[in-house]
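Peer 1: Can you make the complete structure from the sequences, with help from the hints?
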Amino acid sequence: MAGPANHTELSAELSSRPGHNTWTSTVVRWLLITVSLVFLGALLAAPLAAVFSVALEKGWEAYFGAFADPDTRAAIRLTLITAAVVVPLNTLFGITAAWCIAKFEFKGKSFLITLIDLPLAVSPVVSGLIYVLLFGLNGWFGAWLQDHDISIVYALPGIILATMFVTFPYVARELIPLMQQLGNDEEEAAITLGAGGWLTFFRVTLPRIRWGLVYGVILCNARAMGEFGAVSVVSGNIRGLTTTMPLHIEILYNEYNFVGAFAVASMLSLLAVVTLIIKTLVERSGYRRR
Amino acid sequence: MKTMRREPNVIPGFGITLGFTTFFLCAIVLLPLSALVLKAAGMDFARFVDVITSPRALASYRLSFGAALVAACVNMVFGFALAWTLVRYDFPGRKFIDAVIDMPFALPTAVSGIALTTVFAGNGWIGQYLEPLGIQVAYTWIGITVALTLIGMPFVVRTVQPAILEVQRDLEDAAETLGAGRFYVFRRIIVPTVLPALLTGFTLAFARAVGEYGSVIFIAGNMPMKTEITPLLIVIRLEEFDYAGAAALGCVMLAISFVMLLAINLIQVWGRRRMMVSR
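Heads up: the protein sequence lines correspond to chains Z and G, in order.
Position one of the first sequence corresponds to residue 1 (our numbering), numbered consecutively onward.
Position one of the second sequence corresponds to residue 1 (our numbering), numbered consecutively onward.
These aren't lab readings, by the way, just hints derived from the structure by calculation.
It cannot be assumed that every hint is accurate.
[What the hints assert, rightly or not] Listed next, the stretches of chain G that the computed footprint assigns to chain Z, with coverage defined by at least 3 CB atoms under 8 angstroms from CB atoms of chain Z:
1. 22-34
2. 118-132
[Unchecked claim] In silico SDA-like pairs for lysine to any residue, Cα to Cα no more than 25 angstroms straight-line:
3. G:95 with Z:210
4. Z:103 with Z:207
5. Z:107 with G:272
6. G:226 with G:61
7. G:95 with Z:35
8. Z:107 with G:25
9. G:95 with Z:49
10. Z:109 with Z:185
11. Z:109 with G:19
From the three backbone atoms N, C-alpha and C, an ideal C-beta is built for every residue, glycine too.
Peer 2: Dropping the structure here:
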């Protein structure tokens, strides 16, 4: 964009402004751009490149071989199952909460919003810990669960609960401001004209909130598949049984199986890249975060 | 509202959506959190104080807070530079960079943890140039700070970007026309407008960094008293089946979260009030 013609035009315009020092402004401009790019390069680009470089350092065969490991496959399956349960539930919750908060006036509304956002402020480790205290052997329901032979902690239900906690606000906090801004007029018109509640939701509300919904769902999904701290605390790290992909990365890494660890990491990085692409496309479609 | 006759709300589903929301919130968030508080409250008070003020715990707070504070400060400087660059300058790849800023939100923390460790280790791409200078990053507090900087970065950039858009350029031009230097314009016009957003971003980044676990444990080295963050100490207590100890430390972390939430809200109220006054 800094073509010569453009650049001379720009400098001419700048020097026509009184008191404007073109030389310093150009230096400051390139200094800031350089600093920003170096900062991002060291912190983001280099580590991401390293993921793929280490994953592929022994060639494509070793890379794909890493996914043949049954424990790795089990971890991928567990991550997919967890996300398949958590994301729809939190989406349902997000839509319900947004409907209730955006469409109606009631006391304690802002308090409710604060509570919904609460999990974002809690440390992931604490998010896992609370379920261990609740359902672990010495927890509130521990004895009862053991009597009935139900395991929650160190098993799939615990992983799902902890993941649900950390991704709890994602859809709701996207939809609440969006629906508040859209207002109630169109829904009221539909209802007044005789449409039922469901019809109104699916034909009037949903088409208007769809981009916000997509936005919330993909971020919720990315966090659900990538959560480490909370899941690590409740999973018990039983190899091949209760290890999700991020936990499996830790196990492989600590065994110095770098190709394996980084191969799994590369898959999660690709997930992040896809998430960002969808997010950018949603923003291109005119959706603005509030 | 009293003077106007209030229209009855025709939209259905208030009871059921409020009921579902409250139930889900209680089951997933409030009940488990209260289990934590009650577990800690059930402890003998002297033991509670003992646990949360043990030298190892104190060292871990110092590290978690110190590293998070340094990381948030670094982010304030570089995050502002990034946001400024993205809003004010046009350069090839600007849109791409703008999209990439959110990467730490989407990238799993375990991935950024092992990746940063690889890059900043003594033989890593960046670490090999820092090592001869006597700067060891991986397995020291500097590495922890680097990891916390990465995860906090988008919070600062994303809160500061809209604030920079708000800066009135005619005001800047007017000041420069009247002979003000660039630094004066920066100090008297840009900083006051952006400050509330910058502080909000700082607090958000700090709050996230204090509790961070996944990206830190790989690069930290995890030596007790030296490079052991508080969340890791909680995990260690749990692995020793010291549930009460873990709960006590968890309560400290939770209290910090609440203080941070409060701080963020206060900063936002203050920022809004400033905006109102300046208009």
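Peer 1: Now tell me, hint by hint, if it's right for this structure.
Peer 2: The hints, checked one at a time:
no. : hint             : in the structure
1   : 22-34            : holds (count 9)
2   : 118-132          : holds (count 5)
3   : G:95 with Z:210  : 24 angstroms, holds
4   : Z:103 with Z:207 : 16 angstroms, holds
5   : Z:107 with G:272 : 23 angstroms, holds
6   : G:226 with G:61  : 11 angstroms, holds
7   : G:95 with Z:35   : 17 angstroms, holds
8   : Z:107 with G:25  : 17 angstroms, holds
9   : G:95 with Z:49   : 20 angstroms, holds
10  : Z:109 with Z:185 : 21 angstroms, holds
11  : Z:109 with G:19  : 13 angstroms, holds
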